[in-house]
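Visitor: Sequence:
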Amino acid sequence: MLIERVYLEAKDFFHEIRTKRTLIFELTKRDFKVKYSANLFGLTWAIIEPLAMMAILWIVFTYLRAGTTTKIPFTLFLLTGIMAYDFFNKTLNATVRSIKAYSFLIQKVNFRMAIIPIVKILSEIFIHLIVLVIVLIIIILSNQPVSLYWLQVFYYMFASIVLLIGISWATSSIALFFPDITYIITIMMRLAFFFTPIFWSAENMTSKYAIYLRLNPLYYIVTGYRDSLLNHVGFWEKPGETLVYWTLTIVFLILGIVVFKRLRPHFADVM
Numbered sequence: 001m002l003i004e005r006v007y008l009e010a011k012d013f014f015h016e017i018r019t020k021r022t023l024i025f026e027l028t029k030r031d032f033k034v035k036y037s038a039n040l041f042g043l044t045w046a047i048i049e050p051l052a053m054m055a056i057l058w059i060v061f062t063y064l065r066a067g068t069t070t071k072i073p074f075t076l077f078l079l080t081g082i083m084a085y086d087f088f089n090k091t092l093n094a095t096v097r098s099i100k101a102y103s104f105l106i107q108k109v110n111f112r113m114a115i116i117p118i119v120k121i122l123s124e125i126f127i128h129l130i131v132l133v134i135v136l137i138i139i140i141l142s143n144q145p146v147s148l149y150w151l152q153v154f155y156y157m158f159a160s161i162v163l164l165i166g167i168s169w170a171t172s173s174i175a176l177f178f179p180d181i182t183y184i185i186t187i188m189m190r191l192a193f194f195f196t197p198i199f200w201s202a203e204n205m206t207s208k209y210a211i212y213l214r215l216n217p218l219y220y221i222v223t224g225y226r227d228s229l230l231n232h233v234g235f236w237e238k239p240g241e242t243l244v245y246w247t248l249t250i251v252f253l254i255l256g257i258v259v260f261k262r263l264r265p266h267f268a269d270v271m
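Anchor point for the sequence shown: position 227 equals 227 in this note's numbering, and the numbering is continuous, going up by one each time.
Derived from the structure by calculation, the hints contain no laboratory data. Since this is a predicted model, take the numbers as computed values, not measurements. Don't be surprised by glycine CBs; every beta carbon is placed ideally from N, CA and C. There's no promise every hint is true.
As the list claims (entries may be wrong) - Once the Cα atoms are required to be at most 20 Å apart in a straight line, the calculated DMTMM-like pairs of lysine to aspartate or glutamate come out as:
| # | residue 1 | residue 2 |
| --- | --- | --- |
| 1 | Lys238 | Glu203 |
| 2 | Lys100 | Asp31 |
| 3 | Lys100 | Glu26 |
| 4 | Lys100 | Asp180 |
| 5 | Lys90 | Asp180 |
| 6 | Lys71 | Glu203 |
| 7 | Lys90 | Asp31 |
As the list claims (entries may be wrong) - Ranges of calculated distance between the beta carbons of each label pair, as one might list FRET restraints:
| # | residue 1 | residue 2 | range |
| --- | --- | --- | --- |
| 8 | Leu148 | Leu243 | 20 to 26 Å |
| 9 | Phe177 | Gly234 | 38 to 44 Å |
| 10 | Tyr183 | Asn143 | 41 to 47 Å |
| 11 | Val34 | Leu141 | 31 to 37 Å |
| 12 | Lys100 | Lys29 | 19 to 25 Å |
Turn these sequences into a full structure, and let the hints guide you.
Guide: Printed below as a string of structure tokens:
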């Protein structure tokens, strides 16, 4: 059965991640150094870029007041939404080209190429954690209460990573045979920016459209970051949205495994 094969494949993969964690760490460290060593300011740009985006959008939208119906400052509402979206967007775009970037490893008999997208994801997490700390400092300086719900942000970060793994296995494989998929993903993520409650609140949407918005996985992630850092709402208080998200994530994981497994034998032919 397909489900049984996918389960066994996933089980073997995560076992290999555990046994080759040192190699994954070294590849992640190498990827991080290569990415930022070529720039004059290196790592600084990786931190400035998302913060600059937050500042620009705040200037554009701060007087529209279309973001929130609560007493939460619009600046914080915007910062948390952009932070969650930016991590997903940058990581997804980085993973699409990941297998191509590590093509020299394809001929390695004992190397599982499915690890490569994981390396890219881990590389982006480091920057995301730095931005998260900066946003938390801004929240504290804005006289918002410190809460144990802040720890819940790591659950939503994990949820993002699992979804990214599934999507990246498929897209990074397809990109070897159809490079134009990188442009398609860029366009889709730009559309997702406007269809995700980043600078507007889902509370303002009528029930007619809200049901469709909740099918967008980024809806769950962005509102989840906000619930953790600002609203102090537990994910267990939204069982319906949580069920929808993880159902979609499992579907993407299965598709990712199937696509990667089908295309893997042909990687060397197009490199």
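Visitor: I'd like to know which numbered hints this structure contradicts. Please list them from smallest to largest.
Guide: none
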